[in-house]
Amino acid sequence: MENQPSLFNKFRFIVGAGLLAWFALQSYLLYDFGFSWKVASTDAGTTSVLLAAACYLISNNLKYYQPEKGRSVFILVLCLVLTFLWIVACRWLLPQLIPEPAYKSFLIQSLTIRFSIAFLIITCMAMLSALRYMQKDQKANEARKLAAETLARDAELYKLRQQLQPHFLFNSLNSISALIGFKPDEARKMIHQLSDFLRGTLKEEQQWVTLQHELQHLQLYLDIEKVRFGHRLTTILRHNDTADAMLIPPMLLQPLVENAIKFGLYDTIGDVTISLDAVVISNQLQITISNPYDPETAYPKHGTGFGLSGVKRRLYLLFARHDLIEIQTRNSIFSITLKIPQTVNPQNTDLKPNA
Amino acid sequence: MQVKKVLIIDDEPLARSIVHEYLQQFPQMEVVQECGDGFEGVKAIMQHKPDLIFLDVQMPKINGFEMLELVDQSPAVIFTTAFDEYALKAFEAHAVDYLLKPFSKERFNKAIEKFLENQPKKPETTVALLETAASSPAQHDRIVVKTGTKIKVIPIQEVIYLEAADDYVNIHTAAGAFLKNKTMSFFEKILDPDLFTRVHRSYIVRVEQITRIDPYEKETHILILKSGAKIPVSKAGYAKLKQVLGI
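If you read the sequences in order, they're chains Z and L.
Under my numbering, the first residue of the first sequence carries the number 550, and numbering increases by one thereafter.
Under my numbering, the first residue of the second sequence carries the number 4, and numbering increases by one thereafter.
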């Protein structure tokens, strides 16, 4: 339970007011029966205070112990016991406070009706309390569940963004090592590209970025790969200003392009062209990444590499949709199309799209 | 001093050039060719009969291990790879050496010295090397065979059944049959037991290709495949098949 139970919370206020009203009503009732105001208010006051105590007891009890489903009989028994104690206390206390024989006989006569009313009130109180605490528990549970889910999702998103092939890093370093021997300037340039690229991937950026920004980062990666694979690799990026301004979760494209390069280069012999096309269709950013493949020997794992499954999962975590990614194979070209809904407010480029 | 012929096989030009550069300190080592993939590699090995090859593992179409399988008489091998824990474990024992990219000149020189010292005892290491190479993960997806001078990559899902043929295994696919110099027990080991069952001493069958199982003489049976092929089933094979099919 999140907040300490205070004496003055709403629930207690209502219960208190109810009891006060009951006290007033009872006083008037007794007065109507012909007792003096003094006798009437003493009776009503004493019984109400005792009733309030009983109510407090049952409510407090339910706060710490809530019977399981089907065991609510226990509450009923408890209410009965409390009512019985209450009536015994009234029967013993009232004649001492009001030593009038007429009153005493009235009290004994009215015990049954008093018992019934008190039982009803205490049971009512028990039910209200049970309901209230159940609700509170449920709310706390929900909040906890939500917090756990958010945490898990953030961790997963972080991990998905962080996936970087160690192959890529080691091979790039090897290329740099080779370049140092005969093209030191190019080696230096590649070190800078690699550093910029790594710095970009290490950012714990939660914010969406513009496509333009993402493509700049991607270009660093592509330039490095082009140095590694030389003339075999050609890349074409087609995008316009409208698309450039669209927003996209950071590092979403990189694993797909990495996949495309890997499959393009390792599934075919000869020159490979990897293309990326970004268009805007009804305010939705649509990006297609294509690579050649050999339909005769495409491995069973083709296109289901970690890159693709990671992106699929990420899109699902972001949008709770499975229909944002599409795969096509035609004329020995493998393409993946991503749809990025522009649900994010540009002013508030928070990771979570506005629900 | 006898000149050693060296071949460098790597799909990255810069990765080849650094090996070439480091080799210049050894005048007795002569680079006869550089190759960008396994196909070129096989051709170059047959043509030049090199003494030593530098071989990358991850390459287009067929990887370094598969390339070695296609060579009848493998030269000494030094693997150059960026990151392959599996290769590290498997090849520690059998390859001349393995170099983890990026490698230093000192490390490279050590590998060359190792090669020069170990020169005579080549054949056994090659056999052992191939044994381990064959069980590399990539080989569970595809089988690489050589028909004449042509190299064919057969994805595992195209394999219908395997048939023993003397020292070879005949791999039957929709596109025809291909011989591979491997044993039946090797394939039994690497193929997914949920997909393939060894129904007979000489036959391994893709289970989903079976259309009928007919009783035959005594306790044996006969399988009819979708392709119409008839495969004998031994008593033990039938027991295994029943288990896989859940009957």
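Please keep in mind that the hints were generated in silico from the structure rather than gathered at the bench.
Errors might be hidden in some of the hints.
Chain L stretches covered by chain Z per the calculated footprint, using a threshold of three residues with CB under 8 Å from any CB of chain Z [claimed, not checked]:
#, region
1, 56-65
2, 196-203
Here are some chain L residues the structure puts well away from chain Z; computed CB gaps all over 10 Å [unchecked claim]:
#, residue
3, Phe42
4, Glu166
5, Pro218
For each residue, glycine too, the CB sits at the ideal point set by N, CA and C.
Structure-inconsistent hints, enumerated in ascending order: Violated: hints 2, 3.
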